[in-house]
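2 protein chains.
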Amino acid sequence: MTYCVGLCLDRGIVFMSDTRTNAGLDNISTFRKLHSWQIPEERALVLLTAGNLATTQAVISLLEERTKAHEERDPTILSVPSMFQAARLVAGTLRNVIDTHATTGQRADSSFNATMILGGQIKGGPPRLFLIYPEGNFIEASDETPFFQIGETKYGRPILVRAYERGMSFADAMKLLLVSFDSTIKANLSVGLPIDVCLYETDSLTLPGIRRIETDDPYFRRISDGWGDALKQAFESLPNPEI
Amino acid sequence: MTYCVGLCLDRGIVFMSDTRTNAGLDNISTFRKLHSWQIPEERALVLLTAGNLATTQAVISLLEERTKAHEERDPTILSVPSMFQAARLVAGTLRNVIDTHATTGQRADSSFNATMILGGQIKGGPPRLFLIYPEGNFIEASDETPFFQIGETKYGRPILVRAYERGMSFADAMKLLLVSFDSTIKANLSVGLPIDVCLYETDSLTLPGIRRIETDDPYFRRISDGWGDALKQAFESLPNPEI
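Residue numbers (this note's numbering), protein chains in the order written: chain H, -15 to 227; chain W, -15 to 227.
Misleading hints may appear alongside valid ones.
Identical copies look the same in the list; a pair holds intra-copy or inter-copy alike.
In silico DMTMM-like cross-links for lysine to aspartate or glutamate, where the CA-CA straight-line distance does not exceed 20 Å [to be verified]:
#1 K170 / E136
#2 K170 / D209
#3 K107 / E220
#4 K170 / D83
Honestly, the hints are just simulated from the structure, not real lab data.
Produce the complete structure using the sequences and hints provided.
Structure (structure tokens):
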């Protein structure tokens, strides 16, 4: 499993992903699931991936290779004119990779499926966030549904639903996502540290770099320990029922 | 789906279940999933059910019928000598019902599976809590794992993990479970009010009756509304990260 979130704010988009992959309980590795492309001051895109690792790595490699062979007739993620076209490109690549493996060769025990979150901004358009399905279609975040989760989404959802506000600061949004990730990591062995974070600021058209939060990160430890106490206090502040 | 929890405390066992059943999104009904048997001052048992409704109703009906035909050679839930034997009886009945439907007749789209939580006390033994699987085997709650959830368990789990304490009062335990249920109900359409609650007090060997919390219950409304605010305050009490 995996846990990734893309969250729209007034001031930009926050991306967060864990890095644990597993094929069975005894085959655990750390892989990056947050990938980015940019032409500074022209476009900035971030892709979060969940699902079959061979599929997601093939999609990333195909997208990467195309950006380096400019002569090919295909549009590349560094040349498409809009975020919508970028989502179509990623979605089409994903569907092709899955089709290739699902219809030929040996049958695998696990499925080749993968789900992705693509967000960012291309000059001339607004920041946009998409959820891309393994079938190659996708949906876009809106005011009513301003964030997408992929992977192990349930444990971390209640706090997102309750505490998210579109106008919140990057610091608050990062804190919110760390609480959501901490709840998930505590409940599911297949989601684990380190965590990758990327904060995209609207109209900057430039990515500030990916921050990695390691297991011994002192701020994450403070959030993880403090949230238990804060939750208990919140719980105690509620009135008791009559028995 | 369904959401049911059985929670061991020092002073007894708390049982809570929702009442929504659905076969598709457009076929929603309300059914009791919390069932009880007792011989006052001799035994008190509560059974929570999740899964295929035809299966769980058949199990309940078979257990009920046996208690009324005392002449039959089978042991009944009102005559077994221990909670362990009660769990064996329920588990065996469940497995037989599933086997009957799974191996004969038409194939159904959905599976016949069901999972159950059985708890209570029989004179001469301590209170015990069991999680019964559709295969007919079961596990028992312990000091390390003092509660069981069945059905849609993930949304409501983080608060249980963080705020549960074995020494808590019945009022606190009921509040905790209502917060856990509220988080689940907010996230999943297949879990819904009303909620049934039963509080079994250790060594009372008598059930106090089942309390039903309806949609317009004023205390549940206060918890549901208040929890959002309390969570936000808890969230704000945590330190902000450096960006």
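Can you give me the call for K107 and E220, within, between, both or neither, at a CA distance of at most 20 Å?
Classified as neither: same-chain Cα gap 49 Å, cross-chain 35 Å, threshold 20 Å.
Can you tell me if K170 and D83 fall within 20 Å by alpha carbon in one copy, between copies, both or neither?
neither (35 Å within a copy, 36 Å between copies)
Within, between, both or neither: how does the pair K170, D209 come out at a Cα-Cα threshold of 20 Å?
Cα proximity of K170 and D209: one copy only (12 Å, versus 26 Å across).
One pair to classify: K170 and E136, alpha carbons no more than 20 Å apart. Within, between, both, or neither?
For K170 and E136, the Cα distance is within 20 Å both inside one copy (12 Å) and across copies (18 Å).
The structure shown violates the earlier hints numbered 3, 4.
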